[in-house]
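Student: Here are the chains, one letter per residue:
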Amino acid sequence: MLKEIVSKINMRRVLRYALYLFLMLVFQTMVLTQIRPAGVCPFVLPAAVVAVGMFEGGTWGAVFGLFMGIFTDMAFVESTVAFTLLFPLLAFATGFVSRFFINRRFFAFMVAAAAGLLITGFVQALRVMAADGWTGVLLRTTLLQTLWSLPPAALAYLPPARWIE
Amino acid sequence: MKEYLKKNGIRMAILVIAVALLIVLGTAARGGRISLAHNATGVVLSPVQKVVSSAVNWFDSIYGYLYRYDSLMAENESLRTQLAEAQQSARDGIEATEENTRLRALLELRQRHTDYVFESAKVVLWSSSNWSHSFTISKGSSSGIELGDPVITEYGAVVGQITELGENWATVSTIIDVDMSLGAFVGSTGTSGIVLGEYALMRDHQAKLTYLADGAQIYVGDEVLTSGEGGAFPQGLVIGRLTAVQTEAGGQVMFGIVEPECVFETLVQVFVIKSFEVVE
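Chains as they are written, first to last, in my numbering: chain A, 1 to 165; chain B, 166 to 445.
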């Protein structure tokens with residue numbers, strides 16, 4: 001598989017996705033951090049991973065997700081490898097589902113992104129739950145985080161969708 | 166489908182797990198210190214963060230001007246009388262004046278604690294995570310800051326602790342963060358305990374005072390101070406005040422809810438205590 005990846009490397013494509021990754025990280029850590037309706041900040045990075053998984057397929061999506069996961073773990077003080085493991089899985093699952101079960105239209109993406117955001121929210125909540133036990137506040141934060149993340153998630157759809165066209 | 170999963174899934178899973186293991190082992194080997202790549206990312210992003218932070222502050226002031234216009238008009242009359250003073254203040258630079266005030270308060274604190282070695286730093290950006298309570302500051306290891314250093318306000322109120330350290334940046338986890346715990350004692354009664362971050366309380370900008378001794382007496386309004394136990398924080402810094410005294414579900418164990426003295430929303434500048442005398 002690595003041979004396949006290396007042989008298919010297209011520098012332009014790699015640079016595009018590197019720029020996409022950088023811009024999404026900047027958008028998340030520097031812009032979205034200022035927006036906190038009801039004290040909850042949107043988390044758009046899982047949607048970016050889902051978008052790449054959907055348009056580039058499971059393998060490339062997982063590679064992108066791996067890098068996005070590593071940088072997200074660096075950006076968030078509370079996680080060491082949670083996103084490094086989760087994001088490739090999300091991207092691969094999206095690639096798999098979009099190959100066999102769903103199309104690549106906007107609505108299908110939003111449904112997949114919502115699922116990805118919700119899974120991410122629950123994974124984040126698990127860490128806190130392990131220490132403090134389950135409380136309604138965890139569910140509230142998870143649901144609000146997912147809900148607030150959907151409008152900016154729409155932005156994550158556009159670049160990969162345009163590049164593939 | 167099966168072939169797709171078999172062809173791509175297993176090898177991809179092995180690759181991802183291998184990378185994750187490398188990160189975990191690397192982190193463990195460095196004893197909590199960040200990696201070179203992490204540091205480099207911070208060094209590269211730090212100036213961008215500062216620019217974004219300034220831009221956001223500027224937009225915030227414009228937004229405030231537009232939407233508070235009516236109340237500003239009402240205040241206008243009373244402000245006329247303060248005009249001369251405001252002009253002087255403007256000439257000197259409001260920011261410089263505010264910083265001066267903070268430094269004066271700090272000087273007072275320094276005179277009380279001659280053993281403290283401070284490093285002032287600006288708050289650059291709050292974390293966008295909903296699961297922790299932390300922010301980035303403008304100074305790092307190049308200024309002599311170390312991992313675990315306590316961070317306070319100019320009035321000596323505890324803000325948090327350095328939990329990630331880069332060359333020119335550092336991450337401060339605040340005292341209400343879910344991963345934070347610090348030794349404390351209640352000023353009025355001398356009861357000792359531990360101030361712990363708890364998620365539900367963190368959302369309300371509060372923390373929990375727990376692990377109190379049997380028969381301990383704590384009351385609403387009591388001041389909570391650092392005990393200095395463990396040597397991470399100097400003794401006697403203000404953590405906050407008790408706003409409630411409750412018992413755990415079983416009704417046996419008592420704990421207090423602490424409202425931090427530090428108002429996190431208004432933090433602009435913080436002071437890292439690089440060195441202090443540990444009281445045994």
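Be a bit skeptical, because a hint or two may be false.
[Unchecked claim] Here are some chain B residues pointing at chain A (derived, C-beta under 8 angstroms):
#, residue
1, Gly174
2, Val288
3, Asn295
4, Ile359
5, Ala365
6, Thr408
FYI, nobody ran anything at the bench for these hints, they're computed from the structure.
Just so you know, these numbers come straight off a predicted model, no measurement behind them.
Glycine included, C-beta positions come from ideal geometry on N, C-alpha and C.
Student: Next step is simple, just say for each hint if it's right about the structure.
Tutor: Do the hints match the structure? See the list:
no., hint, result
1, Gly174, "7 angstroms, holds"
2, Val288, "12 angstroms, violated"
3, Asn295, "5 angstroms, holds"
4, Ile359, "14 angstroms, violated"
5, Ala365, "4 angstroms, holds"
6, Thr408, "18 angstroms, violated"
The structure shown violates the earlier hints numbered 2, 4 and 6.
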